[in-house]
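Asks: Residue numbers (my numbering), protein chains in the order written: chain A, 7 to 347; chain B, 7 to 347; chain C, 7 to 347; chain D, 7 to 347.
Don't take each hint at face value.
No copy labels: a pair is met if it fits in one copy or bridges any two.
Said to hold, decoys possible - In silico EDC-like pairs for lysine to aspartate or glutamate, Cα to Cα no more than 20 Å straight-line:
| hint | residue 1 | residue 2 |
| --- | --- | --- |
| 1 | Lys87 | Glu314 |
| 2 | Lys27 | Glu314 |
| 3 | Lys334 | Glu346 |
| 4 | Lys225 | Glu42 |
| 5 | Lys31 | Glu314 |
| 6 | Lys186 | Glu155 |
Derived from the structure by calculation, the hints contain no laboratory data.
Number of protein chains: 4
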Amino acid sequence: MDIIVLEPGITELSIKHIIKKLESKGLKTHISHGTERTIIGVIGDTSKVTEEEEDAIRAMTGVENVVRILKPYKLASREFKKENSEIKVRDLIIGGKKIHVMAGPCAVENKTILFSIAEKVKSAGATILRGGAFKPRTSPYSFQGLGEEGLKYLAEAREKYGLSIVTELMDTKDMDVIMKYTDIIQIGARNMQNFKLLLEVGSVQKPVLLKRGLSATIKEWLMSAEYIMSQGNHNVILCERGIRTFETATRNTLDLSAVPLLKQLTHLPIVVDPSHGVGKRDLVAPMARAAIAAGADALMIEVHTNPEEALSDGEQSIKPESFTKLMKELKPIAEAIGREI
Amino acid sequence: MDIIVLEPGITELSIKHIIKKLESKGLKTHISHGTERTIIGVIGDTSKVTEEEEDAIRAMTGVENVVRILKPYKLASREFKKENSEIKVRDLIIGGKKIHVMAGPCAVENKTILFSIAEKVKSAGATILRGGAFKPRTSPYSFQGLGEEGLKYLAEAREKYGLSIVTELMDTKDMDVIMKYTDIIQIGARNMQNFKLLLEVGSVQKPVLLKRGLSATIKEWLMSAEYIMSQGNHNVILCERGIRTFETATRNTLDLSAVPLLKQLTHLPIVVDPSHGVGKRDLVAPMARAAIAAGADALMIEVHTNPEEALSDGEQSIKPESFTKLMKELKPIAEAIGREI
Amino acid sequence: MDIIVLEPGITELSIKHIIKKLESKGLKTHISHGTERTIIGVIGDTSKVTEEEEDAIRAMTGVENVVRILKPYKLASREFKKENSEIKVRDLIIGGKKIHVMAGPCAVENKTILFSIAEKVKSAGATILRGGAFKPRTSPYSFQGLGEEGLKYLAEAREKYGLSIVTELMDTKDMDVIMKYTDIIQIGARNMQNFKLLLEVGSVQKPVLLKRGLSATIKEWLMSAEYIMSQGNHNVILCERGIRTFETATRNTLDLSAVPLLKQLTHLPIVVDPSHGVGKRDLVAPMARAAIAAGADALMIEVHTNPEEALSDGEQSIKPESFTKLMKELKPIAEAIGREI
Amino acid sequence: MDIIVLEPGITELSIKHIIKKLESKGLKTHISHGTERTIIGVIGDTSKVTEEEEDAIRAMTGVENVVRILKPYKLASREFKKENSEIKVRDLIIGGKKIHVMAGPCAVENKTILFSIAEKVKSAGATILRGGAFKPRTSPYSFQGLGEEGLKYLAEAREKYGLSIVTELMDTKDMDVIMKYTDIIQIGARNMQNFKLLLEVGSVQKPVLLKRGLSATIKEWLMSAEYIMSQGNHNVILCERGIRTFETATRNTLDLSAVPLLKQLTHLPIVVDPSHGVGKRDLVAPMARAAIAAGADALMIEVHTNPEEALSDGEQSIKPESFTKLMKELKPIAEAIGREI
């Protein structure tokens, strides 16, 4: 059901024109005359009214506003599926009682460094190895990633250390090569509304980690999840990684309230990436703790053996020792809210 | 030390003009010619260079930019005072090992309701009672608070239940009446840059709870703390209560990363107000837990026995039963990070 | 008329409870059962439903959302008064065919400089002299203005050059002294929601220039105008001066679309202040031209004979020669849209 | 030249470590000891220092901050090319004295409507026809565009009405088909940081219209232009189309100050799209006038013969009659600033 608010002084003819249009779409209407405004209640399955039809109604003479009552996403909504979705990643479950931690370097730089980091995060308790082979960089002159070579190292690290892997897909053209290696396909913040890419990953069954766009609302983010799910792939994991605000003291503003809010709106699991969220190494541990306390299902943390030599995002990577310490701190917090890590 | 970046192609005359100006202020300069830019390093106590003098230099012919190296606040900075400030509120210490919880209604409505709430939050473990007697409301037609009558009820509740009290000061004219009753003077978000009000509360020794403005940067917030401290009152407590962003799914975006960041930048204690931060009752508890995990020294939470009848902010108030449950959940999280509540 | 959207699965009892509450406020209700949601249409004069009552309804069990159809401001709305308000300032009219230009230094520094600037802006075509005697500065260590001495110089300049004057009121305590001298009382951006100050200037009949807050929505801004008007002072002039966004290349983001939007929503005249809006001298002229083209009723521009020595905001002040040139450029643009300057 | 600000209390060893690292990259250093901080000035061609190297330095022990003096873009900068770039589109020049207007429907819906709109905008003075064949829609259930069929209609309209055409490329896979038809390749706001797409359009010589991302800074926008130019395609046209802010009264906040600011920073021409910028039909004309007054080189305006039936963005499309009226209003404003339209 939707509500159409009419302008004061609208003519009877215009009202008839609007009603005729709605009826032509198989919808019923109900007019209420208030003291200061007349409104039309639209009855029927308005979820079939597309965005453009809504715009068209808003564009009609005499219409002041159209208020949509229903959420624009369906498959991603908690109403569609009451129980939490548990996403299977090889032998792991994301979205269950156990909180998983994805850790690793921002970019895969070479095999030695990657293996060294993988070994350490594994022994500290991480279950998934992160690392970019295709890197979105704001400068064309920056390191753009190792490409397939990097993917191979990740796959080797998976075998050697028993870690699942997650890595980013940046372009539809790279879909085949990414599919060949990764366990979770990451869609980066800058591609959250790259709709062709969403359709592409929607057509497979591999889990997708969908990062929130820098300036994406919760609603838009869930609409992007809906894009993927509408193609048949319901294995979507959401990842909060900070939004852009006026504050420049941190790289982004990590929106932790998104975690409990999403738990109400959707059945999909939620990961928090404090590394990108704050962009400063010293703030990663407290925000990781806070994310767990807020109810996150998993964490994604940048770890590097030598942040000073990292080819990407060294400023926000923590060292393996700090990561090990953090994992210990997270344990009692997880237990305090009835989970384990 | 500051840096003045000069435009490419600046004339020798303009450079001399700039140097002369700096020297007239007792500062020394050091020129470095780079391949693409010339810069002037300014040596001496540039913290005495005021904002307007900096602007004036920026306005000079040939100046591309002025980069200030030092922070504009001094008394509020961690460099000025290495140890955490512990603020004494009657017999309590804010900023010590123990985390305090301030709870109560948004506005003081009448004695019965206030006392009922006070009794319940006290027994759940709160140590400070909050409640507004002067209310900043966006509409002139909304309830504006009980004024002094409300302050009296707060003072009576303090005696009866052994709680300290915190209430908001909105105008310099109300300073005397507020001083007569409250233990902590609250400066609301909308008044964070009401500089006359800051000077006024700076001239007494009573603790001041300074809420962050809706769109205030961390730096501006600390500058407002500096305003108060510059008048001699060093008893400033900072309160994060959410910032304004593009996201409308929550009332504000609670910036929890401000907590560990402020711990680096300042020695002042930090309170988190999740009620205003999110504006939705169901999100208050998870964000309160997250605030503790992030390192907050205290919480400020809106509690009402009957949110449906509250005269202000009912939507974000939790019931006493929920508050009691929350206090229990906070305990193990506080312990997990070496604190108590 | 308002709309209350109910949660799916709400009980009949909860619905009755909500209806009873609405009826207790003299409102009638009308229930519509849609396929996916039930909604309650509220009939009657819902403009009397205050903010807190709305919150209280939103806080009731089973309520998903409350959608307000009517705007929360009345006196400031175009519906309340169809024709443009013309505000009389001594012998001038703001909001009529003629576009007025307010010009002068950011702060009044001394008599000589003020008079020199006044003379030049007058001869270039400005009709109102601006200048701050009480200055809101983010640092307590910055120049805070000359106080009453500055007001005297402004009044003397008014006599000598035949300019009306506008200056800022920062605190209720300064109301009497400001009233003694100024023609227009300016409420600064940081005080847009200093409600006690709004009530104070609402109780006189002198024109008030209400600057938009750094992060104030158009709705909140009009609510602040409503505050002033609710006390009887309808002589309110709105001033767009830039909002805070993520962009740091300009001091603020000048929201020129506010001009034509406000022309639809309100009958009050609109001034644009490009100096604060952009914060960079070279951008002032193009944005002043754009403001006129967008339909502004007046401009407020910082002019200083020697920006390099200005005690405040030198970076964004233009020189008298530039101002004279700008005034000439504005003339044909004003004529192109049927106005004069 | 860059500046490295060191933490107070940094050890001599750490300083040596930093200097050694810089020297290993072929850079020279110069240390200055201030009263409160020590800084290292970095001498040499620091434009070769990549983002990741900067991050790595920032990550070193004892480094408080790294201040980059030079802009991170080169080819796009005004310093690289002093004169305005004039971009040739068939027989038109964008960036010259003449201001061009791109007009047409949001999406190409069918041949009849497109031709009808094309005829009318042509006769009103538009020189370029806009229309989407591949449409980025926030909902997977919305109309996604006609694809190649739409491109064919655009090409036919070009022949019939003598208009150049501009249409959006959404995915690298569609590059060939887009290249076959369009005169200007549009990169949409959501793809401004789709780096693979930028590299792709950088490898041809066809003009690229690069829309500003919803939350992109001016710097990031110019870096995306740099991406395209770094591959050899210098025919980049920038298009301001509104940024995302806290204000919801307009769809976006049109940042017109970007126009004069970009004129300082870059030699590339600048288009303004007021239709997306404000999202409300009635605000399009005043903002189009303001854009010209601010110095825009071209406008992009959505025009539809029947906005109420448009399949996309009907709310912000103006009718041909309104467009014709607007074109007449723009003429004297263009002349007032020494241009023609």
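Asks: Against this structure, judge whether each hint is valid.
Replies: Going down the list of hints, with the structure as the test:
For the identical chains of this complex, Lys87 and Glu314 are neighbours neither inside a copy (46 Å) nor across copies (30 Å), given an alpha-carbon limit of 20 Å. Within a single copy, Lys27 and Glu314 get their C-alpha atoms only as close as 63 Å, which misses the 20 Å cut-off; across copies the closest is 10 Å, which meets it. Taking the closest pair of Cα atoms, Lys334 and Glu346 come within 20 Å of each other both inside a single copy (12 Å) and across two copies (19 Å). When the C-alpha separation of Lys225 and Glu42 is checked against a cutoff of 20 Å, the pair qualifies only between copies, where the shortest distance is 19 Å, while the shortest distance within a copy is 31 Å.
Only between protomers do Lys31 and Glu314 lie at most 20 Å apart by alpha-carbon distance; the minimum there is 14 Å, versus 61 Å within a single protomer. Taking the closest pair of Cα atoms, Lys186 and Glu155 come within 20 Å of each other only inside a single copy of the chain (12 Å); across copies the shortest separation is 34 Å, beyond that limit.
Hint compliance for this structure: hint 1 alone is broken.
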